[in-house]
Each structure stands twice: as structure tokens, then as C-alpha cells.
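Novice: Here the protein sequences come in this chain order: A and B.
Using full-length UniProt numbering, read the first sequence as starting at 1 and increasing by one per residue.
Using full-length UniProt numbering, read the second sequence as starting at 1 and increasing by one per residue.
Just so you know, not all the hints are guaranteed correct.
[Said to hold, decoys possible] In silico lysine-lysine, DSSO-like type, Cα no more than 27 angstroms apart, as pairs:
(1) B:Lys149 / A:Lys340
(2) A:Lys134 / A:Lys117
(3) B:Lys143 / A:Lys89
(4) A:Lys28 / B:Lys338
(5) A:Lys163 / A:Lys84
(6) A:Lys89 / A:Lys163
(7) A:Lys134 / A:Lys216
(8) B:Lys350 / A:Lys140
(9) A:Lys84 / B:Lys149
(10) A:Lys140 / A:Lys84
(11) B:Lys317 / A:Lys84
(12) B:Lys209 / B:Lys251
(13) A:Lys140 / A:Lys24
(14) A:Lys345 / B:Lys350
(15) B:Lys319 / B:Lys339
(16) B:Lys251 / A:Lys84
(17) B:Lys149 / A:Lys345
(18) B:Lys143 / A:Lys340
(19) A:Lys89 / B:Lys114
(20) A:Lys7 / A:Lys89
(21) A:Lys140 / B:Lys323
(22) B:Lys339 / A:Lys140
(23) A:Lys7 / A:Lys24
(24) B:Lys149 / A:Lys89
(25) B:Lys105 / A:Lys340
(26) A:Lys134 / B:Lys319
(27) B:Lys251 / B:Lys103
(28) A:Lys134 / A:Lys84
(29) B:Lys317 / A:Lys140
(30) B:Lys114 / A:Lys345
(31) A:Lys89 / A:Lys167
[What the hints assert, rightly or not] Some chain B residues judged to face chain A by a derived CB distance under 8 angstroms, without partners named:
(32) Thr73
(33) Pro145
(34) Ser179
(35) Tyr344
(36) Ala347
(37) Asp352
(38) Ala354
Simulated from the structure, these hints should not be mistaken for lab results.
The C-beta atom is built at its ideal place from N, Cα and C for all residues, glycine as well.
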Amino acid sequence: MAGSRMKLELSRVVQGRGRLGVLKELGKTGQCTLEVPGCLLHTHLGTVPHLTQETRGTLSDLPSVTQVSLSNIAEHQEVLEEFKDGVMKFAGLRDTVLYCSLHDPATPCPTGYTTNKTVSVWGSGGRIELTVAKFMALQKTVQPDWYQSMADGETWLNNTSRKRVRKSVDRTLAHLDECLLVHQQSQELEGVEVFGVVEGGDILEERVRSGRETAKRPVAGFCLDGLQTGSMDQALRTQLITAVAKELPDDKPRLLQGVGRPDEVLACVEAGVDLFESFFPFQVTERGCALSFSFGISLDPELAVLELDEERVTSGETQQNGDLNREDQSLMTSFEIDLKDQRYKDDFRPLVEGCVCYCCQNHQRAYLHHLLVTNELLAGVLLMIHNTAHYHAFFSALREALANGQLDVLKRRVLERD
Amino acid sequence: MAAATECGAEASTSENNMSLKKAMSAASPLALRVVAECPVTKARACDLILPHCAVSTPVFMPVGTQGTLKGITVDQLEGLGCQICLGNTYHLGMRPGPDLIEKAKGLHGFMNWKRNLLTDSGGFQMVSLVELSEVTEEGVKFKSPYDGKEILLSPEKSISIQNSLGSDIMMQLDDVVSSTVTGPRVEEAMHRSIRWLDRCIAANKNTDKQNLFAIIQGGLNAELRKVCLDEMTQRDVPGFAIGGLSGGEEKNDFWRMVTLSTDHLPREKPRYLMGVGYAVDLVVCVALGCDMFDCVFPTRTARFGSALVPWGSLQVKQKQYAKDFQPIDPECQCHTCKKHSRAYLHALFKSDTAAMHHITVHNIAYQLTLMRSVRQSIVEGCFPEFIRTFMKRLFPSRDQYPGWAVDALASVNVTLE
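Here chain A stands alone, though its shape is the one from the complex (with noise of 0.2 angstroms):
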């Protein structure tokens, strides 16, 4: 029976300026936590981006719960379901936890094809599509120990009408209805969580009615889909997100999907936002980026703004955006370098001065910068170890910021280069 084993432990509530504590009993033999605010582990198949077990094992404090999606296992149903042991299993994965999102952050897929009983999935041989029964057939084969359940979330669209947001709720509700009915009824799923997905576009009053009626069935937590970066701007997602927060119960965890930006992350937190997924690293690194964004802040809270505010008289440094030709401007964010640019062709420094993921002790910015420019293959594995690294640094930086009540310090800190 679909319930919630897993407990949220807040050690810290402030409205309008996030929660701090810690996911316990997680997996299938309860022994995993997980700190929120924190973010999921994403991954193709089990596999962080680029790297195999060996590359993936230069970094430490890697999040305890791997992502993996169905748009990268559903081809895949015929040889799990052989293989009866699980997608942890084959992969070779073991000591985390697995959680199974329909989509794949990282890649967006086209629209227009969901029903009413139906959604679709991309994988590499085209779009597979999805009933309830295929969908929760798929979970046996994959064997999470927590998943989303199926979800109509296509209205991320610019004027998406009413009716269509509307039919997203109506639609996300029956499948969350329908995936509790199979799952309490399958064996193979003991055991196993599921969460929740909050739709509704970007209409108020559908956002509260979903997370109402959402909140009324016994899930273990909420994904809030529709958001993601690109469909609306913050201040809008913030709105939506803490009326949202209100529907839900205080102890049950929030998932924002879709949403990576470290600007955005730290705003949706103090919305109410416990989780993120981390495909952010590697859309930074599939553009040849380097994420070099600050967040270290002194702990005396009196230093820090000092610290903040020196840094502010002698920066103008190198860090800064890269040539507004570029055609790519608009993807590339201000917390990532364009090691592409030519201004690096001779930087012997490390990608992040401090940095201590493998990619900065052992290489320069001038290497990254040829391997980027003769297109060899280990730069995306170079650069996805030291992204990767500093993405989940921050999310540490940012725990103990609110543990310190010293978000707004690691705010400006995190957004001065905007």
C-alpha cells in the first residue's frame, strides 16, 4: 500500500524564507536521508552524465537519492522486465536511493501529444506512449524505491488556455487516482512511495485546486510540474508555488521539477520548495560552460556583509559574461563561464579558484579551453565533475546559510553578477 514511510524532519520554518531539515527513512530498507533543501541526483539510466563509476567517484557528498526518468527507460521495458532485478540493479548502482520521474528535466519534449489517457515519452527511438496500466507496468520493471505518479503537465506553453490547464488538473487527479489503485494492488511495489504532481499552469485558482485535491489522497510527497524555468518568470512562480504551499501538509515534502537556476532555486525555497532535480550541471556543461557563481560566505554573519561588500569594490575580474555576439547568449547564464571564448586560451588557472573537485586540481582553464575547441570528449567529462561539484557545494552553502539565518546574505552573494 502506497503510504509515506519517509519522514520530513523541519528543524527550521520561516514563512516566506524556506525550511530546513532533513528526509528520513528513505528506500525500500528506510536507512537513506536526505537534507532539504537539497536536490535529487540526475542521471541517464543511473548514469551521472559523462561519467563512469571511476570519474563519478572523484566527487564526494553526492545527494542520496539517483533520478533516473522513463523517457530514458521506457525502450527499455522488454530487457528489465528479462532482467527481473530492477533499474539499480542494472545499472550497477548500490547504497542510494532510486526515484522515477516520467520526463527528463534536462530535455524538453515536444507537446501536443498527451489525452486523457494517455502521455508520451521521447527515448531514443521515438515517442513511446503511456496508459496508467504501461506506466505503472513500467515501474515493476524498474523498481524505485519512490516515483512520480503520471502526470499531464503541458501547459508550460505560452496561452495555454484555461480549458487546457484545467483539463491538465482534472486528467493529472484521475491518473494519481488510477496509478494509487494498481499500486495497492501489486505486491511488487510494497513498500514503494509515491508523490503527488501539482498542475495548473499558471492559473491561481487551478494551482490551489490541484494541491487541494492532490493533498486529499495518501501520497508521500508533491512534485509541482508546469513551472519549469522558461514558463513563466519568478515572481509569478513564487506566487503560485506559496499558494500552493498552503494546500499541502507541513510534513510531507515538495518537489519542484524543471527548475535549476540558482536565482531561481534560492527564490522557490523561500516560497516552500524542499527539493530540486540537478540537471542544471549538465545543461552548463552540454554548452561548454564552467558554473563559477559564488556562495562561500563567512559564517560571522557582521564579516560576511563586509566581505560581500569588499568584493563588490574590487570585482570586475574575468568572471563575467561572454561576448553578447555569441549565439548562444540567451541559454548562458550569469553564473557559468563560456570556457569556449578566447579570453581562457591562456588562463593557466583553475576553473573556480578553491575549487577542489578533480577537474580543478589537476587542470587549467587553457586545457578545458582547447579540449572544448578540438571537440574531444573529455572536456564533458572534466567539466561535468566540476560542475556537478559546485552545483551540490551550493545547495550545502545554502543548508547551512538558512541553518545560520543567513539567506539574504548568501543571496547577494549568489546574484551579485546580475
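Fit chain B to the supplied structure of chain A, relying on the hints for placement.
Specialist: Positioned in the frame of chain A, the structure of chain B alone reads:
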């Protein structure tokens, strides 16, 4: 890790290596100690002492063309037991260029590789990659593919770039002619290569740190080869490469040129057979007296999902492996085989580049393990037996043994049942 061989780690030889190293640092940056010689074939097992560490031969050198080994970190390469790998003068000379690499403290500093590096001269790329290259006595003229400018790669220029790269072994610029070419061009190229060798020797600014190898040419003509051998062995170079083979030539001609070359090369200097990397070729050419090999094949084929195994190769991307839950090679000790199944790698190829990296790691492990086993069998005096077992494993039946390999092995007293 069981599979990794640390640089010069064999306890019994470390003392000898120390005294060799002392002698070496006083005089030349290369010392060769013949550890064992096969009493049946021409194979040798040697310790090749180079500036960055000792190399156990016979050795296969993976190719890291542009200052990187295709998706593998230097730590991974070290962990696999690699003691020497290749960088490419043509590519690196173009991008990022010798000046930048010098600023980065040489290619070692630039890629952060602490062991040995061998750079080729750029000559082969002149012929194989670049259109409209023109060879004159001066050097090779060609158009840069990046900015269309005309560039001259002369012996002096090649050595200058390699001096900036700081490799432990540099190759002379040779006049490269495809092995399928016949006629006077072959002779012209052979003689020119000798003249260019002398110019390379004169141009080397770092004789105390960098070794310059000569490259024996002469195509498939025994007479020309002999002339080249006679001339080049008169030069004071620390090692010799056998060049101009590993193109599209007939294998029957190929092995005869290899064995002719090793017959006339000095025992106390290493013999490097360029561009050879298929397992059969490696084993046979070790039997013919070669010590060092390089080839892009193992790492290149990995990226297409082709895994090298003792019984041939396995195309992981093929449908038949989708539900195959064994590792690539159950006996292989590499990380890929210890952690993942063929089925997982098959699936992973559809969603992430890491699949290629897994196969690359495996293929390098395969090549290095093969050479390690070859060396071990030479040291233990059972190389001929090793060859027989190896061939039996690789080919389903006796009549599938390649004719040229049978002949070549017979020429060094190894008969295959």
C-alpha cells in the same frame, strides 16, 4: 588493483633500474635493459628507462592525439597501468600551438600527464589528412585546414614543435610514402628520410631530456630497406622505428619487412613498429623482435561500441546484446567488466556518452593486459606456448589462422598446430 603495473615496480629489478637511472641522467635520457630473450623467436622483454618513468616492453602505447585520450582522465590512464602514450605533433602544432604548450610547461604540464609521452613528427598526417600537400627537399608544404594559410613542415620545424611539447621520445620527420606506392618515389623518399634524420638530429635543442628516434623507410623493397637500415644505424640515435608499413599493404609483404628490419637493428636499442595495434599483429611482431607499438584502433573502435576480447570483438550496440547480462569479458579485471553488463552498456549507448568511455577503458585494459601477458611469457621462457594458446583462443579453427601469421611465426621457429 591487480591489473595495474606501477612504473618499474618489480622488486628484483628496482635496484638495477636505480643504477641505470643514475647512468642515464648523467648521459642520455634513454636506457634499455634486456631482461629476457625468447630462445625460440626474436622476442625480447626489456625495461626501457625514460625521463618520466620506466616502461616495461613489449609495450602498447595508446594514442592521445590532441593531448587527451578520448574521454579518459589521466588518473584513469595511470590506473590502467599505462606508462607511455602518444601525442600528435601535427594536431597540437595547429591547436593550441607550440608556444601555448611551452607556456603550460610542455605537453606533460598541459595535459597533466606525469608519465612518458611520445610524439610523432606530423609526417604521417601530412599524407593521410591533408589535401594538396607538396613534398620538397625543404619539407612538406600544406594548407592549414583552419585558416587556409600555407605552412611548411620542415625537419627543423617538426623538431622545434616537439621540443616545445617536451615529449620523452620524438620522431624524426620522415618523407612518408604510402606502402602501396611503387617505383622511384619510394627510393627518393627513403634517401630523403636519411637526410631529414640528420637535419632533425642537428635541430634537437634538448638532447639531455628528449630522445630522437629514427624511422626506417624503404617501402616493401628489401634492398631499399637494407640501405636505409645501414645508413640510419650509423647515426647515434637512442632508438629506431620501423615506418612505412601499417598502410594498406599485403600482410605477406608487411611481416617480411618487419623481420628484415629487426634483423638489422641493434639489439641494445628499442624497436618501435608504428601504427600496429591489432592483437594478432602485436603478438606476431613481438615474435619478430619489436618492442613498442601504437595504434588508434582500440580507442577509436571503442567509440563505435566495439569491445576487444580474447576471442575477437564484441559489438555492444548490436541487438543480440540487449538482454545479455554478462560483462563484456567475465575474466577481464577492468572497471567496466567488474561493474557493468553488456545489456547495460547496450542500453546506455542510447542515452549517454559514458557508454563510449566504458568501452574505451576496457579496450585499453585489453591491450595493456595482452602486452603484459606477452612480456610475462617471454620472461618465463614460454612465449611460443603463449602464442599457440593465444591463436587458439582468437580463431575458431586452425584453417582460419591468417596465412601470413602462420608464415611469419614459422620464420621464427614457431609452428602452430
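Novice: A separate judgement is required for each hint: does it hold in the structure or not?
Specialist: A quick look at each hint next to the structure:
1. B:Lys149 / A:Lys340: holds, 23 angstroms
2. A:Lys134 / A:Lys117: Measuring from Cα to Cα gives roughly 11 angstroms; hence the hint holds.
3. B:Lys143 / A:Lys89: violated, 53 angstroms
4. A:Lys28 / B:Lys338: Roughly 26 angstroms separates the two Cα atoms, so the pair holds.
5. A:Lys163 / A:Lys84: violated, 42 angstroms
6. A:Lys89 / A:Lys163: Roughly 43 angstroms separates the two Cα atoms, so the pair is violated.
7. A:Lys134 / A:Lys216: holds, 25 angstroms
8. B:Lys350 / A:Lys140: holds, 22 angstroms
9. A:Lys84 / B:Lys149: violated, 60 angstroms
10. A:Lys140 / A:Lys84: The hint holds at about 9 angstroms.
11. B:Lys317 / A:Lys84: Satisfied, since the Cα-Cα distance of roughly 21 angstroms is no more than 27 angstroms.
12. B:Lys209 / B:Lys251: violated, 37 angstroms
13. A:Lys140 / A:Lys24: holds, 24 angstroms
14. A:Lys345 / B:Lys350: Violated, because 33 angstroms separates the two Cα atoms, which is more than 27 angstroms.
15. B:Lys319 / B:Lys339: holds, 21 angstroms
16. B:Lys251 / A:Lys84: violated, 48 angstroms
17. B:Lys149 / A:Lys345: Given that 27 angstroms is the threshold and the Cα spacing comes to 21 angstroms, the pair holds.
18. B:Lys143 / A:Lys340: holds, 24 angstroms
19. A:Lys89 / B:Lys114: violated, 36 angstroms
20. A:Lys7 / A:Lys89: holds, 26 angstroms
21. A:Lys140 / B:Lys323: holds, 18 angstroms
22. B:Lys339 / A:Lys140: Roughly 23 angstroms between the alpha carbons, so the hint for B:Lys339 and A:Lys140 holds.
23. A:Lys7 / A:Lys24: The hint holds at about 5 angstroms.
24. B:Lys149 / A:Lys89: violated, 55 angstroms
25. B:Lys105 / A:Lys340: OK: B:Lys105 and A:Lys340 at ~21 angstroms, within 27 angstroms.
26. A:Lys134 / B:Lys319: The hint holds at about 23 angstroms.
27. B:Lys251 / B:Lys103: violated, 44 angstroms
28. A:Lys134 / A:Lys84: holds, 16 angstroms
29. B:Lys317 / A:Lys140: Holds, because 26 angstroms separates the two Cα atoms, which is no more than 27 angstroms.
30. B:Lys114 / A:Lys345: It holds: about 22 angstroms lies between the C-alpha atoms, which stays within 27 angstroms.
31. A:Lys89 / A:Lys167: Distance of about 38 angstroms is beyond 27 angstroms: violated.
32. Thr73: Because about 6 angstroms separates B:Thr73 from the closest Cβ in chain A, which is inside the 8 angstroms limit, the hint holds.
33. Pro145: violated, 12 angstroms
34. Ser179: violated, 29 angstroms
35. Tyr344: Holds, about 6 angstroms.
36. Ala347: B:Ala347 check passes; min Cβ-Cβ to chain A is 5 angstroms, inside 8 angstroms.
37. Asp352: holds, 4 angstroms
38. Ala354: Holds. Min distance 5 angstroms.
The structure does not agree with the numbered hints 3, 5, 6, 9, 12, 14, 16, 19, 24, 27, 31, 33, 34 stated previously, though it agrees with the rest.
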